[in-house]
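> Each chain is listed here by its residues.
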Amino acid sequence: MSQIRMREALRDAMAEEMRRDEAVFVMGEDVGVFQGAFKVTEGLLDEFGERRVRDTPISENTMVGLGVGAAMAGLRPIVELMTVNFALLAFDMIINHAASIPYMFNGQVRVPMVIRMPGGGGHQLGPTHSHSFEAMFLQIPGLLVACPSTPADGKALLKAAIRDDNPVVFIEHETLYGARGEVPDEGEHLLRFGEAAVRREGSDVTVVGILKMALVAERAAKQLSNEHGVEAEVIDPRTLRPLDLDTILASVRKTNRAVIVEEGWPHGGVGANLAALITEQAFDHLDAPVQRITGADVPMPYSRRLEQAAIPHEEHVVSAALAALEGSR
Amino acid sequence: MSADIVMPRLSDSMEEGTILTWIKSVGDDVAVGEELVEIETDKANMVYESDAAGTLIEIVAGEGETLPIGEVIARVGEASETSAGNGAGEAGAGTPAPKAQSSVAAAPAPPTPATPPPAEAEGPAAPSGAEAEGSAAPPGPGGGNSRVKASPLARRIAAERGLDLAALEGSGPGGRIIKADVERAKAGGAAGAPAAVPESPETAKGQTTYEELSKLQSTVARRMAESKATAPHFYLDAEIDMSRCVSGRAEIKASASEGDVIPSFNDMIVKAAALALREFPRANGAYRDGRFELYSRINVGVAVAGQDALVVPTIFDADTKGLRQIATDTRALAQRVRDGQITPPELSGGTFTVSNLGMFGIQSFSAVINTPQAGILAVGAISERPVVRDGEITTAHLMSVTLACDHRILYGADGAMFLARIRALLEEPVSLAL
Numbered sequence: 001m002s003q004i005r006m007r008e009a010l011r012d013a014m015a016e017e018m019r020r021d022e023a024v025f026v027m028g029e030d031v032g033v034f035q036g037a038f039k040v041t042e043g044l045l046d047e048f049g050e051r052r053v054r055d056t057p058i059s060e061n062t063m064v065g066l067g068v069g070a071a072m073a074g075l076r077p078i079v080e081l082m083t084v085n086f087a088l089l090a091f092d093m094i095i096n097h098a099a100s101i102p103y104m105f106n107g108q109v110r111v112p113m114v115i116r117m118p119g120g121g122g123h124q125l126g127p128t129h130s131h132s133f134e135a136m137f138l139q140i141p142g143l144l145v146a147c148p149s150t151p152a153d154g155k156a157l158l159k160a161a162i163r164d165d166n167p168v169v170f171i172e173h174e175t176l177y178g179a180r181g182e183v184p185d186e187g188e189h190l191l192r193f194g195e196a197a198v199r200r201e202g203s204d205v206t207v208v209g210i211l212k213m214a215l216v217a218e219r220a221a222k223q224l225s226n227e228h229g230v231e232a233e234v235i236d237p238r239t240l241r242p243l244d245l246d247t248i249l250a251s252v253r254k255t256n257r258a259v260i261v262e263e264g265w266p267h268g269g270v271g272a273n274l275a276a277l278i279t280e281q282a283f284d285h286l287d288a289p290v291q292r293i294t295g296a297d298v299p300m301p302y303s304r305r306l307e308q309a310a311i312p313h314e315e316h317v318v319s320a321a322l323a324a325l326e327g328s329r
Numbered sequence: 001m002s003a004d005i006v007m008p009r010l011s012d013s014m015e016e017g018t019i020l021t022w023i024k025s026v027g028d029d030v031a032v033g034e035e036l037v038e039i040e041t042d043k044a045n046m047v048y049e050s051d052a053a054g055t056l057i058e059i060v061a062g063e064g065e066t067l068p069i070g071e072v073i074a075r076v077g078e079a080s081e082t083s084a085g086n087g088a089g090e091a092g093a094g095t096p097a098p099k100a101q102s103s104v105a106a107a108p109a110p111p112t113p114a115t116p117p118p119a120e121a122e123g124p125a126a127p128s129g130a131e132a133e134g135s136a137a138p139p140g141p142g143g144g145n146s147r148v149k150a151s152p153l154a155r156r157i158a159a160e161r162g163l164d165l166a167a168l169e170g171s172g173p174g175g176r177i178i179k180a181d182v183e184r185a186k187a188g189g190a191a192g193a194p195a196a197v198p199e200s201p202e203t204a205k206g207q208t209t210y211e212e213l214s215k216l217q218s219t220v221a222r223r224m225a226e227s228k229a230t231a232p233h234f235y236l237d238a239e240i241d242m243s244r245c246v247s248g249r250a251e252i253k254a255s256a257s258e259g260d261v262i263p264s265f266n267d268m269i270v271k272a273a274a275l276a277l278r279e280f281p282r283a284n285g286a287y288r289d290g291r292f293e294l295y296s297r298i299n300v301g302v303a304v305a306g307q308d309a310l311v312v313p314t315i316f317d318a319d320t321k322g323l324r325q326i327a328t329d330t331r332a333l334a335q336r337v338r339d340g341q342i343t344p345p346e347l348s349g350g351t352f353t354v355s356n357l358g359m360f361g362i363q364s365f366s367a368v369i370n371t372p373q374a375g376i377l378a379v380g381a382i383s384e385r386p387v388v389r390d391g392e393i394t395t396a397h398l399m400s401v402t403l404a405c406d407h408r409i410l411y412g413a414d415g416a417m418f419l420a421r422i423r424a425l426l427e428e429p430v431s432l433a434l
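Going down the list, the protein sequences come from chains A and B.
Numbers 1 to 329, taken from this note's numbering, label the letters of the first sequence in order.
Numbers 1 to 434, taken from this note's numbering, label the letters of the second sequence in order.
Calculated from the structure, these hints are not laboratory results.
C-beta: ideal position from N, C-alpha, C; glycine also.
One or more of the hints may lead you astray.
What the hints assert, rightly or not - Label-pair ranges, simulated between beta-carbon atoms:
| hint | chain 1 | residue 1 | chain 2 | residue 2 | range |
| --- | --- | --- | --- | --- | --- |
| 1 | B | I23 | A | Q308 | 42 to 48 Å |
| 2 | B | E169 | A | S225 | 49 to 55 Å |
| 3 | B | I69 | A | P141 | 27 to 33 Å |
What the hints assert, rightly or not - Simulated pairs of lysine to any residue, SDA-like, Cα-Cα distance not exceeding 25 Å:
| hint | chain 1 | residue 1 | chain 2 | residue 2 |
| --- | --- | --- | --- | --- |
| 4 | A | K254 | B | G206 |
| 5 | B | K186 | A | P141 |
| 6 | A | K254 | B | R244 |
| 7 | A | K254 | B | L163 |
| 8 | B | K149 | A | F283 |
| 9 | B | K149 | A | R253 |
| 10 | B | K149 | A | R329 |
| 11 | B | K149 | A | E280 |
| 12 | A | K254 | B | G162 |
| 13 | B | K149 | A | H285 |
| 14 | B | K149 | A | T279 |
| 15 | B | K186 | B | K205 |
| 16 | A | K254 | B | G175 |
| 17 | B | K186 | A | R253 |
| 18 | B | K149 | A | A196 |
| 19 | A | K254 | B | R184 |
| 20 | B | K149 | A | R304 |
| 21 | A | K254 | B | E428 |
| 22 | B | K186 | A | H285 |
| 23 | B | K149 | A | L322 |
| 24 | B | K186 | A | D55 |
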């Protein structure tokens, strides 16, 4: 085990897979000479050369389209979109091509590609550069969606994504690139998609947090335990499609209460979807309505204070958990 | 920011209160100290004054509802707060205000075609009351109790155990029945109050009518049963020669001018008991939580029938008050009991009780201790009877009294000496006038 940063873990995943499989290559804006806008592709150009680490023009729809074609022809492209915000320019390629082609051709062609993209707010980048689109990608059949919160998960999930024959939207969080964590040095560590992590066990309330909010949920759980005597069970789904609903339902059957935390918007969000699934499948185990903590229902404000007010923090998770427990203690 | 108005503790022994009348209505302005609501406590009906200023934005507990102290009965805040997306606004149903208004987070207001106004969008919004409400009560599988608010889990457990949800009280938000309530009901056997009084069939006793207890009557029932169950009673009987009191009272009456209050025999007994209590501190105390509590003030309660129940107004500092003062106080208090205007402060703080049924011709009786007091003196009628004095048969005005003692604090010999002292004071009543 060694302590490395999320950006190094992701880089290692790509480098290892590129060494293992000649078909794997990386393309995107500034991924080569500049070594990535967030320095995730650092060192890849030196090791693998211009043929497999390709800088592209600023043209997202084209890049993803190139990737779809390359994947259909037998390569395993990793397309880096500088941020999720620019993925909007490539939605036709992502939805109408990457996700649909294997179905339209009855599985005769596969699209084994990974589209990496970092997102999230907190850097005062205003409404157009602070998006969290997990829910949008989650909605599309044919795509797998990963959203790791730790370096170890990031590395293991990215390696699994590269080897998967389905198109994968791989969502990273801009503020987690510098986060350090233990990552195994030796051997192959792949994480199966659809396997949630129980970050903390508890019997009073289930808190599901995705991406950066998985970490917020963990800190809130500590606060709940220290200050309120409430033991929260914290679950990080790690992949949204496929979703490890069984682990979440098992926890809700134990605690009878659920709180879901995400950074994205409330309407039609990850939490809205999960709340519906929990209600459908664990209705008779609920002792309180499922609580959702989401980003504010606004275009992201630029002002630092307003931006912070629009993003969920530990205190919101704590009060939602206590609200779910009202009357029970 | 709105403030919760909660069921206040209006007397020492109060555990719950019933809303009688809302003096203010939703939308009215309320100032601190302004009369807000009339509440029936275990002892009296009280008008409760607001301790918050603003607009009455919600009445949570409707008239006739009984709630434990500390439960929210209304909310006072700014007029604009009435909303919470639930325009209908009339309370009773109890729309829970969002737990933490500051909270980021949480669910959106129900989707509307219009863009949400920026103000509402400010922070991630807390779930609106309306939404919480809507999700709370799915139709029960039985169909019959679809209006009972219960969590799905509580419904399932209740169905499995054959419990009637309608008979349970919910402790969740907005009175929702949650798992804990059903588990409590299970633990306590029959839960809550029976849903409705069944039509009574004709029995050998004829038709039965059922009367619900008033707050006061349930307090009497609870306190009396508690006393007999927890305080080991023993009884001491004595016969007191009241002849000197009788002649003394006749003298007072003869010399009194128009309108003067004439002390009754009971006033004399109260005074005698108060003086004796000064010499027997344990009789003026209580056994509580494994200790003796001994009180510096001597406050004698006088049992009075009234309000279709029993109340015990208190003569404070009876040991230092003159007979006439005791007489005046007692009459005023008894009148207030009859008028239903007595207030909890006038009914609390007693350290000993005198109960007199002499006026009904009762010779003697044993009373139930008004716990946590150490004793109660039950007084019978004064009657002129033959007695033997110095070998001669003569007559005297005799009165039987029975002292009930809580043996945990007032033991046999102490009780006997205490009672002997009362008798001595009444048989030589000059000292009562001092």
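> Now, for every hint given, state plainly whether the structure supports it.
Right, here's what the structure says about each hint:
no.	hint	result
1	B:I23 / A:Q308: 42 to 48 Å	holds (45 Å)
2	B:E169 / A:S225: 49 to 55 Å	violated (30 Å)
3	B:I69 / A:P141: 27 to 33 Å	violated (56 Å)
4	A:K254 / B:G206	violated (53 Å)
5	B:K186 / A:P141	violated (47 Å)
6	A:K254 / B:R244	violated (78 Å)
7	A:K254 / B:L163	holds (22 Å)
8	B:K149 / A:F283	holds (15 Å)
9	B:K149 / A:R253	holds (21 Å)
10	B:K149 / A:R329	holds (19 Å)
11	B:K149 / A:E280	holds (19 Å)
12	A:K254 / B:G162	holds (23 Å)
13	B:K149 / A:H285	holds (16 Å)
14	B:K149 / A:T279	holds (17 Å)
15	B:K186 / B:K205	violated (33 Å)
16	A:K254 / B:G175	holds (23 Å)
17	B:K186 / A:R253	holds (20 Å)
18	B:K149 / A:A196	violated (34 Å)
19	A:K254 / B:R184	holds (19 Å)
20	B:K149 / A:R304	violated (42 Å)
21	A:K254 / B:E428	violated (76 Å)
22	B:K186 / A:H285	holds (18 Å)
23	B:K149 / A:L322	holds (20 Å)
24	B:K186 / A:D55	violated (69 Å)
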